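K.L.:
Sequence:
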Amino acid sequence: MKKILTQRIILSIIVLITSIPFAAQNKEYKLNSDKSAISILVSQEKTKFTVDNILRKEQGRPMLEARLYKLDIDMDTIGAWSQLSTGQNIWKIQIDVPEAKIFFIGLDDFYLPKGSKLYVYNKDNLKNAILFAPEDNPEGGPYSFENLYGDNVVLEYVAPENPTEKPRLHLAKLGYKYVEGQTIPDRDYYGASLPCMININCEQGADWQVQKRGVIQLRTIRSGGNNSNLCSGTLINNTAEDKKPYILTAYHCFEDVVVSNPDNIEVLFEYESPGCENQRPTYKYHRGGEVKILNPTVGGSDGALILLTGSIPEYWEVYYNGWDRNNHASSTTSGSIIHHPNGDIKKISLFSQSPSTTTWENGANQAYWNIKYTDGITAGGSSGAPLFNQNGLVIGSLTGGDAMDCSSQNRIDVFGKLWYHWDQSANTELHMSKYLDPLNTGQTVLAGLPNIDGDVKELVLEKNSLDILPHTSSPVSILSGNDGYTITSSDDNIATAEVSGSTINVNAKKLGRAVITVKDRLNKSKELVVTVRNNIDFFMDGNSIKVSIYQDDVIKQVRLIDLDGDVFYDKKDINESSHTIDMLPFRRGLYIIQIKTEKGGTKAKKILWQK
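Residue numbers (the numbering used here): 820 to 1430.
What the hints contain is simulated information worked out from the structure, not anything from laboratory work. Hints are not guaranteed to be accurate.
Below, computed lysine-lysine pairings styled on DSSO-like, alpha-carbon distance capped at 30 Å [what the hints assert, rightly or not]: (1) Lys946 x Lys1345; (2) Lys936 x Lys1329; (3) Lys936 x Lys1390; (4) Lys1418 x Lys1390; (5) Lys1328 x Lys1424.
These figures come from a predicted structure and were not determined experimentally.
Assemble the whole structure, with the sequences as input and the hints as a guide.
P.N.:
Right, here's the structure in full:
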């Protein structure tokens, strides 16, 4: 009897365990029955800013960015495979993030085989899908999908026709961003900072296009792995000029961070709008860094020096900024700070008078610069950003201040001096000089260093759009670039392309529109919008019919008749590529439009005219 009872108890325990939702078994998400979708178990009270969070920048503390949810899943165990009518294999997973406005997904491994592509999009906004190709992370390894807007994301992998490799997609974590109290644009997170923040590619940033390539957004993972901080920083040159990837930032960016774990450091390069207006940014991602120097805020100058793990790819167009470690305020007459306020795209703020020396709260005496801005301000997330003098050289790193309000007339920030970071601490272990002057030259000034040797060319295509007929081909020349070209199409069913030397050969398949993305060996990219259409096209536009001819032909004749054959409009020898018929003089009814071209093309179609 005891044996039977024991068996029943064990069975009950097994049933109880197996009936617990998957998410309850130490998971932070729940998986649907066919594994095609997961939903994050969001803790709302842990995704809201407190007053303390909002005041962090003024207090010289890092911006709290996101609540992190562990995923630890990959495409081998979740998602649904299907096959299109074309024979292409598709893998798809939907991730629901209740009440989110903006989030990111960190990956431990992201690798796409040649010929494959990954679409990342909100299920309610397919037209703004982000396309990833093998060139985005060619060696595989860690990556991050940034700026995922809304309360869901769909990952859709399209396999190549004859795959020889498997894709690797291991999702490590999801970062649910703290955005309460911030203004989030209707469509995307970039541009979420205040209106007086100036995009780096606006007119005010024209003289700082070299220095901007060294400025990074820094993400640090807090102890326990449940939250992340955001700061700014810069690549910085050393006297050996060996391209060691040192990053200068602020000590306080590592608040509550286990610095012995290199994976607690993530960096985004080139995270900026391509123009002056807020546009979707591109970026390059790196995970891993060794903290070399932490010069504390209390009793020090709030400086930090990181050495990124590994080397920066030779084709990344980044820049190791130069420096000036002198302690002469009068030698700096103007300058800039380039930064990422509120986790936003890269911004620039300017000043036009010499800094003054100051002391930050309990920091070392006279170890800081005071800067008053003439253009722009900073915010949480700007901490650690480089302070440049008029010669484009780094002289400090941002600690904090009260330059947080566009309407303020007294927009002042405080920066830890590079002079103090260098060798002024009584503790020689905190001297950056041993890393930034490994040759012991004693230099006080060092110029910057580009990562790419030689000239870098802009990628320029002969044209940015192409109209083409179905089942035809057309060449498009690459006028300028850095060789090593690769091609991807947003829809292979509409148009494909191959590259030979400096010529792109576009092949049209069926009616529609596809975007051909061209990248060179330096990962510079350009888009060619391909529209596959009939040679003769027309459409109603208000009270008119618009007729258009493509492919080096012109309109010879346009007629409008009714179903009885009566002619209402007959225009000959037009010899133009477009023509407009004003329909207002004609009665309502069914008509036939007839079009002839100079090269013998014809088209006739019924249209319904309703005044």
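K.L.:
Against this structure, judge whether each hint is valid.
P.N.:
Hints, verified against the model:
no., hint, verdict
1, Lys946 x Lys1345, "18 Å, holds"
2, Lys936 x Lys1329, "20 Å, holds"
3, Lys936 x Lys1390, "49 Å, violated"
4, Lys1418 x Lys1390, "17 Å, holds"
5, Lys1328 x Lys1424, "23 Å, holds"
Hint 3 from the list above is the single one not met by this structure.
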